[in-house]
Every structure is written in structure tokens, then in C-alpha cells.
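Novice: Go ahead and model the full structure; you've got the sequences and the hints to work with.
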Amino acid sequence: MESLIYLIQGFMIALTPANLMWVTLGGVLGTVIGMLPGLGPATGVAVLLPLTFTMGPTAALITMCGVYYGAMFGGSRSSILINTPGDGAAIAATFDGYPMTLNGRAETALAISGIASFIGGLLATVAIVFVAVPVARFGLKFGSAEYFVLMVFALSATASMSKGNMIKGFISLIIGLMVATVGIDAQSGVHRFTFGIMELQGGIDFLVVIIAMYALGEVFGTFQIIKEGKRKMQTKFGKIWITKEDWKRCIWPILRSAPIGFFVGTLPGAGGTMASLMAYNNEKQLSKNPEDFGKGEIVGLAAPESANNASSVGALIPMLTLGIPGSGTTAVMMGALLMLGLQPGPMLFQQHPDVAWGLIASMFIGNFILALINIPMAGLLVRLLAIPPRILYPVVMALAFVGTYSITHTAVSFYILVIFGLVGYFMHKAKVPTAPLILAVIVGDKMEQSFRQALTISNGSVEIFYRSNVSKTLILLTILSILYPIIQDKLKKRKAAMAN
Amino acid sequence: MNYSALTGVVSIIVGLVYSIQAYTLPRAVIGKPMAPIIFPLGLGLFMILLGIVLVIQSIKKGEFARGKSTTEKGLSYTAKLIIFTCTTSIIYALLFERIGFVFSTTLFLGSLLYAINGKKEWKVNVSVAVIFSVFVYVLFSKLLGIILPPIPYLYI
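Sequence lines, in order, name chains A and B.
Everything in the first sequence is counted per UniProt numbering, starting at 1 for the first residue and increasing by one.
Everything in the second sequence is counted per UniProt numbering, starting at 1 for the first residue and increasing by one.
This list has only true hints and no planted wrong ones.
From the structure, some residues in chain A lie toward chain B, with a derived Cβ separation under 10 Å:
1) L51
2) G189
3) M397
In short, the hints are calculated from the structure, not lab data.
Every residue gets a Cβ at the ideal spot worked out from N, C-alpha and C, and that includes glycine.
Specialist: Structure, rendered in C-alpha cells:
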């Protein structure tokens with residue numbers, strides 16, 4: 001009940017005309033960035049963050065929510081229309097979304113994607129209302145040792161679950177932690193890895209790293225697409241809506257996929273890509289005619305879209321309640337909160353219930369507004385996709401520099417931006433995932449502090465890290481998360497060997 | 001060497017350099033002298049270990065000795081564009097506070113557009129660069145209250 005009262009208060013804060021205007025503006029801008037191939041919600045939030053610097057915390061969060069949702073809706077627009085996903089989570093939308101466009105059903109595809117995303121997001125937000133407080137209360141019991149183990153779990157799960165090679169995931173993670181050690185050590189005052197450069201004394205700002213890796217690194221990666229030239233795209237649309245028959249076929253898959261997405265989203269490292277692929281495969285298995293999937297089956301678009309939005313809401317739970325982001329995008333959202341001087345974690349719900357619940361309320365509102373923007377106005381918005389990327393990408397890059405300057409107030413950070421942009425590009429090239437690095441940069445400092453605090457408490461004995469039951473469970477989960485991909489890989493190989 | 005093996009080797013080098021740097025860090029005056037060093041040192045050593053595992057993996061797969069699968073003649077389009085972008089960014093960083101936001105950004109965005117969008121569309125390039133710079137300057141400095149370097153001598 002207490003939660004509901006807070007939620008109503010949250011709505012009262014979020015529902016002022018000014019805040020509604022911000023969420024709409026954030027939504028439109030986020031959609032535009034999300035529609036750009038290769039750029040997803042993380043980039044959207046990172047690049048547009050400076051817009052919120054002078055706003056109050058609530059207005060800023062509401063705007064960021066708009067951007068976050070907008071970028072997710074936008075990502076599927078480009079999947080459906082030009083077969084180019086905005087980010088990993090929108091990949092599943094290309095499987096049946098693009099064939100629908102080829103079959104002349106682009107209007108239906110855009111509409112069902114909007115509707116499914118809306119329902120998925122809405123259900124997940126309802127779930128967050130009930131889950132957030134209990135999780136935060138549980139988090140309050142954590143001491144420094146438990147916190148350290150929790151962070152080890154979250155980071156290693158992200159590293160081991162990332163696509164491809166697990167070792168590469170861990171390398172990315174360690175680079176991130178190394179970056180986090182730069183600067184004056186808070187406990188002893190020792191200058192670490194500053195190389196006598198004054199600007200490095202305060203550490204490398206994680207927001208600069210994020211902007212560099214996502215905005216610059218990803219744009220570098222798209223230069224090849226730019227060279228290939230513009231894809232032809234449908235620009236005239238009929239009425240964007242679905243028939244009753246389509247609705248009847250899709251409603252159950254949408255409702256089924258939302259809980260899958262939500263649950264997968266709350267796990268560290270799993271995220272939208274996995275959630276949407278799981279929902280897609282699930283529906284394919286349940287379908288009476290699985291052979292239609294991939295040829296423009298509407299259910300094959302509705303299910304992953306619902307799961308994707310549900311997972312991105314679910315992913316906010318560990319970030320808000322425990323202060324541990326589970327994905328690149330939520331890491332950026334956490335960066336936004338830290339920038340506003342708010343430390344996400346169990347205390348957020350106690351010390352700033354207005355902010356925590358204002359954020360949850362604005363997720364409801366953001367979802368509504370984005371559905372309004374994306375369904376009736378989709379025809380108008382997607383015309384932006386006709387603007388050549390050759391113009392939009394340079395503008396995104398320029399925005400990255402403006403954003404960096406407004407965070408650090410020094411042009412010296414431009415060098416850091418370029419360096420990490422290159423690091424990001426080469427990591428893509430070498431197929432080293434970037435998400436673990438981003439997460440590590442954000443939590444690295446806190447992780448080291450809790451490590452040392454725990455050791456101070458225990459007088460140097462490492463036993464403190466596995467004394468409590470919470471720690472034991474977390475250590476077990478860490479081991480499982482590392483072993484799971486290895487076992488899965490072995491099983492696959494055995495299956496392949498059996499088939500031969 | 002393919003990218004995996006190369007990543008392994010780079011990781012070992014980074015790990016080594018970082019560990020040595022960490023070990024030679026000044027000892028803390030307050031509290032335990034090794035306190036600020038243990039965590040970074042652990043990171044460095046772990047990095048070396050990961051690099052070694054990655055190299056062993058690629059040796060096992062027989063990828064290590066094999067040459068790069070794609071040998072490109074000269075620099076690729078992407079590589080050229082990245083080098084151009086980075087050079088422009090460094091010049092941008094040098095000019096940013098000296099000649100002010102509007103001029104430096106117009107130049108920066110203009111040259112990026114010149115390289116990416118092409119010479120033929122110079123009218124579009126110039127107008128996008130000018131409109132973006134002025135619009136962002138007004139939006140940030142006047143409306144959002146985030147101070148960007150003003151035009152020298154004029155201080156508008």
C-alpha cells in the first residue's frame with residue numbers, strides 16, 4: 001500500500017505540463033537517435049544527457065526516461081523498415097518485421113511493434129512497483145563484503161554472458177576496472193596512474209568513457225555502412241493500425257513474452273537481446289505453423305518487441321534498488337543519476353522516495369507518450385530515416401563533443417574521448433564486448449572501496465567475503481554464471497557431433 | 001596473427017605495464033602502506049592471466065601462426081576516415097577554447113561532413129555545420145545555462 005501512495009505522489013510530480021513536455025521532447029529525440037543504425041538507447045542517453053544538466057532531478061530523470069523509451073521504440077523502426085537494427089535488442093525485430101515490409105504490410109508491422117512494446121513496457125512497470133521496495137529492503141542488509149561479492153557476481157555474469165568468447169568479456173571487464181583506478185585514491189590520497197596530468201587527478205569521468213565508446217566507437221564502426229550508400233525506403237504510409245484478426249493472434253504472445261522479458265531483464269548481463277530472442281524462439285515453438293516465422297509472421301514481431309521493452313524495464317530493478325547496473329544501457333542511466341548527485345541503491349528509496357517513485361511514474365507516462373508518438377505519428381517520424389546517415393552521423397559525433405565539454409568543462413577531455421573512441425572501435429573489431437567495460441568503469445571505484453572496507457573490518461582476513469549466507473549464495477551464483485556458458489558450449493558440440 | 005591472438009598479446013602487455021606501474025606506486029602514508037596497491041596489482045596480474053589463456057586458445061585452434069585472413073591493399077576507407085576524424089578532433093580540441101565554440105564547431109562539423117558527405121554537397125554541409133553550431137550554442141549557453149566558450153573579443 002505504501003508503494004501505491006508513493007506512486008500516486010510520483011504521478012503528481014511527473015504530470016506537470018513542463019514535465020510532460022520534457023518527456024515528449026526526450027522521446028522524440030531518443031526515437032531519432034534510436035532509429036540510426038548502430039546507435040541504441042545507451043548512445044541516446046549518453047549523447048542527450050547534457051540537455052538535462054540544469055533541470056531538477058525529477059525533470060531530468062523524466063526526460064531521460066523519454067529518451068530511453070524513445071530509443072527503444074526507434075530501434076525497431078529501422079529494423080522493420082530498412083532491416084538495420086538500431087541495437088542488439090532490435091535484431092529480433094528484423095526477422096519478421098522486415099519481411100512484413102517487403103510484403104507491403106509496413107503499416108501493420110509499425111503498429112504491432114508499437115502496441116507490443118507498449119504492453120510489454122506497461123506490464124513490466126506494474127511489476128516494478130511491487131518488486132522494487134522488497135528488493136531494496138533486502139539490499140539494506142548488505143555490508144561492504146556482501147556488496148563486493150555482489151559486484152563481482154554482476155560483473156562476471158555480464159562478462160561471461162556476453163556473446164562470443166568469455167575470456168574477452170573478462171578482458172573488457174578488467175580494462176574497465178583499470179580505468180576506474182585512475183585518479184587520487186579516496187582513502188589514502190595516493191595519486192594513481194595520473195602521470196602528472198592535472199586533469200587526471202579527479203579520475204577519468206565515466207560519462208566521457210561511455211560517450212566515447214558508444215557514440216564515437218559505434219559511429220566509427222558504421223563508416224562502412226555509410227560507404228555502401230543509402231538504402232531505399234518506403235516513405236509513404238497508409239493508416240498505421242492493425243486489424244481485429246491480427247490483434248487476436250498477437251495478444252497472447254504479447255502477454256506471454258512480457259514476463260519472460262522482465263525476468264531476463266533483471267538478470268545481470270542478459271538484457272534485451274537475449275530476452276527478445278528467447279521470446280521469438282518460444283513463440284516459434286508454440287506456433288502451429290513455425291515455418292511462417294521469418295517470412296513476415298506478425299506474431300514473430302509482436303513477441304520479441306513485448307519482451308524487449310519488458311526486459312529494459314526489468315533491467316532497471318538491480319540498478320535502482322541495489323546500485324548495480326546489469327547492462328550497458330542501464331549503466332548509462334545510472335551515470336545520469338550519479339550526475340544528478342543521486343546514488344542509486346537501497347538508500348534511494350529511503351532518502352529520496354520522491355525521485356525513485358517519480359522515476360517509476362515517469363516510466364508509465366513515458367510509455368504512454370511514446371506509444372502516442374510512435375503509433376499515430378510513426379509515418380511522420382520515420383521520414384527522418386530518409387535523411388542520409390552521411391549527415392546524421394557527423395552531427396551525432398559533434399553532439400558527443402559538446403556533451404563531453406558540458407560534463408568536464410575542459411577541452412582536454414576531448415583527447416580522452418578520442419582515445420576511448422578508438423579503444424571502442426578496436427574492441428568491436430576484435431569482437432571484445434564493450435558492456436562489461438562500461439559497467440566496470442561505473443562500479444569499479446565503489447567495488448574497490450567496499451573491498452578495502454571489508455578487509456579493514458576483518459583486519460585483513462579474506463574470510464569475511466564468504467562468511468554470511470548471502471555471500472555464499474552470491475559466490476555460488478558467480479561460479480554458476482561462469483560455468484553455464486562453458487557447459488552450454490560443450491553440450492552444443494556434443495549435439496553437433498551426434499548429428500554428424 | 002588474427003584478432004583473438006592479437007587481443008591476447010595486447011592484454012599481456014597491458015597487464016604487465018599496468019602491474020609494474022601499480023607496484024611502483026607510492027606507498028600510502030595513512031593506514032596500511034600497501035592498501036592503495038593491492039587492488040590494482042590484482043587487476044594487472046589477472047589481465048596477464050587472461051591474455052595468456054587467450055593466446056593458448058588461439059594456438060590450440062591453430063590461428064596464432066596463420067596470417068591475417070584479409071590482407072587489404074593500403075588503408076581501407078574506414079581506416080582513412082577514422083584517422084581523418086581523430087586528427088580533426090585533436091585540432092578541434094586545440095582550437096575549442098581559443099577561437100570559441102561557434103567557429104571551432106563549424107569548422108569541425110564542416111570538415112567531418114566534407115569527408116563523409118562529400119565535396120559535391122558543400123552547400124548542405126556548410127548550412128548544417130553553421131546551423132548546428134549556432135543552434136547548440138544558443139540552446140546551451142542561453143537557454144540551458146551550460147557555458148560554452150564564447151567568440152573571442154565579442155563575448156556574445
